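**Q** The primary structure of each chain is shown beneath.
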Amino acid sequence: MTEFTPWASLIGGALIGLSAVLLMAYEGRIAGISGIAGRLLPPYFDDAMLSRLGFVVGLIAAPLLYQLVTGAPVVQTVGSNLPLMAAAGLLVGFGTVWGNGCTSGHGVCGIARLSVRSLVATAVFMLVAIATVFVTRHVIGG
Amino acid sequence: MRFLVNLAIGLVFGVGLVISGMSDPAKVLNFLDLAGTWDPSLAFVMAGAVAVTFVGYRLVWRRPTPIAATRFEVPTRTDIDAGIIVGPAIFGLGWGLSGFCPGPALTAIGLAAPGTLAFVPAMFVGMWAARAAGAWPAPARA
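Residue numbers (the working numbering), protein chains in the order written: chain A, 1 to 142; chain B, 1 to 142.
No lab work stands behind these hints: they were computed from the structure.
Note that this is a predicted model, so its numbers are computed, not measured.
Yeah, the Cβ is synthetic: ideal placement off N, Cα and C, and Gly gets one too.
You may find that some hints are simply not true.
To be verified - Which bits of chain B does chain A cover? Going by a derived footprint, with three or more residues having C-beta under 8 Å, they are:
1. 3 to 12
2. 22 to 28
3. 73 to 81
4. 87 to 94
5. 107 to 114
Said to hold, decoys possible - Some chain A residues judged to face chain B by a derived CB distance under 8 Å, without partners named:
6. 1
7. 2
8. 19
9. 31
10. 45
11. 55
12. 71
13. 74
14. 113
15. 132
16. 138
17. 140
In isolation and in its complexed conformation, chain A is listed as follows:
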């Protein structure tokens, strides 16, 4: 069980949106995490490399800074089946780059642009993820 947090989630979501708007205003780019992270790898050593690196360092620093400022630990429950987590990582990395985006690039920025491609992509990854959780929790695990 996790607690339903409508207000915290709405406010946190608004911050994610604010970040996407700031990135568009400053860099003129979509805040797609898979696009930004994927271009940290070759052959993308262009002049925007420092920008992407800065964004990712900010992402990584966020929970640590949050803990430091609020004194509250960031609670998370991460799967402990390491081969499964590694396999999931491979799928997420491959699928997001091949599909040109993830939850942020398609799900937030794409839908906000009213892009049909992003709407289709978001529907597909949501439905497949829901089906996957149904199978692992209620067919295999149930």
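On the provided structure of chain A, position chain B as indicated by the hints.
**A** Leaving out everything else, chain B in the frame of chain A:
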């Protein structure tokens, strides 16, 4: 300077993930678990993020150019090809297995859960493999 501005923007994104609860894969998996311990929070994150981005993008696009770049790099493709189905489907499978999409996975690095440390390197391998597998669909500058 550009590095630091992007770091600050990434920090806002990461703090948004933490406050919204999306840094916790358990909360994401519970959103996807419609038949079980459903937690609707993720829908509120998406609503907050899309609303702010929708309005913010339209304000920002009134400027002739971004602050630090010569033009806005916004995806222009509108075709629905196999790539926009298959990529997100592969991503959705990995997302449903782990509860991690790229943003929360990167944000989790510093908290150093073993599952995260198995997931993130594999995600980068997957991203690299998707590029190596050939440009299908052609990598967009997102």
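**Q** Now tell me if each hint is right for this structure.
**A** The hints, checked one at a time:
1. 3 to 12: That given contact holds, which follows from 10 residues of the segment 3 to 12 of chain B lying within Cβ reach (below 8 Å) of chain A.
2. 22 to 28: This one holds; 6 residues, not fewer than the three required, reach chain A with a Cβ under 8 Å.
3. 73 to 81: holds (count 7)
4. 87 to 94: holds (count 8)
5. 107 to 114: Coverage by chain A holds here, the residue count being 7 at a Cβ distance below 8 Å.
6. 1: Holds, about 5 Å.
7. 2: Holds: closest Cβ of chain B sits about 4 Å from residue 2 of chain A, inside 8 Å.
8. 19: 4 Å, holds
9. 31: 7 Å, holds
10. 45: 14 Å, violated
11. 55: 4 Å, holds
12. 71: For residue 71 of chain A, the interface hint is violated, since the closest Cβ of chain B sits about 14 Å away, which is over 8 Å.
13. 74: 6 Å, holds
14. 113: 7 Å, holds
15. 132: Holds - the Cβ of residue 132 of chain A comes within 8 Å of chain B, reaching about 3 Å at its closest.
16. 138: 6 Å, holds
17. 140: 11 Å, violated
Checked against the numbered hints listed earlier, the structure breaks hints 10, 12, 17; every other hint is satisfied.
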